[in-house]
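*Asks:* Residue numbers (my numbering): 7 to 411.
The set of hints was computed from the structure by calculation and includes no laboratory data. Don't be surprised by glycine CBs; every beta carbon is placed ideally from N, CA and C. Please note: incorrect hints may appear among the correct ones.
Claimed, not checked - DEER-style ranges, computed between Cβ atoms:
1. Arg143 x Gly176: 47 to 55 Å
2. Ala193 x Leu396: 39 to 47 Å
3. Pro293 x Thr258: 44 to 52 Å
4. Gly176 x Met382: 30 to 38 Å
5. Leu196 x Asp52: 47 to 55 Å
6. Trp21 x Gln252: 24 to 32 Å
7. Arg199 x Arg53: 23 to 31 Å
8. Arg143 x Phe175: 41 to 49 Å
9. Arg401 x Ala113: 42 to 50 Å
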Amino acid sequence: MPTTSTVPPGPSRLWGRDFVLASLTNLFLAMVFYLLVTAMALYTVDRFQASDAMSGLAVGAYVLGAVVSRLGFGQAMDLIGRRRLLIGALVAFLLASTLYLLADTLALLIAVRFVHGIAFGAAATVLAASVIGLIPRHRRSEGTGWFGTSTTAGSAFGPLLAFQLTAAFGFDSLFLACTVFSLFGLATGLLVRLPAPPAPDGGTTRPRFSVRGMLSPQALPVSIVILLAGTAFSGVLAFLNGYAQQEGISPTVASSFFLIYGAVLVATRFVVGPVHDRFGDNAAVVPLLVSFMAALAVLSAWPVPAGIFASAALAAVGFGALLTSLQAIAVTVVPPLQIGVATSTYFIMLDLGIGLGPVILGALLPVTGYSGMYLMLACLMALTIGVYWLVHGRRPAARRRSRGS
């Protein structure tokens, strides 16, 4: 028998104190993630002479830790308490950030990455599930998009800062910067007031933990779309710098990819969220998937500075905006009590794509080369358009207007 629930009254405005603090906390988490993910492959080669496959594993271990964390905490966070879990995860995140300087073997580094990912997954899951309660329901897609802008800023400035720090001061400065941003995240996390989760009607019975409840069946189909898109984007995150070096493109140009990506994505927030809320899922998602496919094709065929800049803009319109549009769908197709598990399901699939992608693509690189890899990923996105239509786009709800009202 379905469980009914009582949803706490939503806020009357979007830009409240706690929405801003939650977004700042998410920004600092994202800065650490992107500082590390763009430099880790090069660091393992430079420090430990790692192979492409092992450097991909070092990149992916963090995200695999996040997947393990989301599997457990997506359902259990309301049993533990959202604020208690958030603060504990942020403390662990800070401690893990300090351990990179002490990891003197590749095996130890991979272990640190895995533990760091567990802390990241717990904190990010609580924030993503809780922020829904800080957004007016009729502005859910728009508000989710603006919250996602904190991740966007991390994806733009994190890689740029990583390139600049490692070029000027070496990798130790990168790890120190991660520690500082982790400290900032803990500070803002201590200040944010999380909304109460929805409670069942007729009582305050707490949900029971079960293995079957770790994933949301309703949110899983659309989450498969972000799994495929995340796999494609992992090729950009982990291997763009190596591609640029091979083609004789300066690191400054390569790092500018993420700066352009972030700037264009912030601009799209003024359009994509309102279009999604007003005209429905397909009006937003299908063009975004096409744009990301084009970004990967351009990156494959045009490995010059102008091509990298064009690819960055297309990827921002595509993958960057796609992240929050699909998340808004995932939390809309479930009852209020299951928003936490739906959010966790969505990010588990995203993390699997970004985490396993570098491992798989690193193993394929000797065969495909960089250009061939990006062409293969463009073909994957063409397939993803069909997958989206099959699992969600052909349904009447995907074409419905004013979906958040």
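*Asks:* Work down the list of hints and note, for each, if the structure agrees.
*Replies:* Going down the list of hints, with the structure as the test:
{"no.": "1", "hint": "Arg143 x Gly176: 47 to 55 Å", "in the structure": "49 Å, holds"}
{"no.": "2", "hint": "Ala193 x Leu396: 39 to 47 Å", "in the structure": "45 Å, holds"}
{"no.": "3", "hint": "Pro293 x Thr258: 44 to 52 Å", "in the structure": "31 Å, violated"}
{"no.": "4", "hint": "Gly176 x Met382: 30 to 38 Å", "in the structure": "34 Å, holds"}
{"no.": "5", "hint": "Leu196 x Asp52: 47 to 55 Å", "in the structure": "36 Å, violated"}
{"no.": "6", "hint": "Trp21 x Gln252: 24 to 32 Å", "in the structure": "44 Å, violated"}
{"no.": "7", "hint": "Arg199 x Arg53: 23 to 31 Å", "in the structure": "42 Å, violated"}
{"no.": "8", "hint": "Arg143 x Phe175: 41 to 49 Å", "in the structure": "47 Å, holds"}
{"no.": "9", "hint": "Arg401 x Ala113: 42 to 50 Å", "in the structure": "47 Å, holds"}
Taken one by one, the earlier hints fail for this structure at numbers 3, 5, 6, 7, listed in ascending order.
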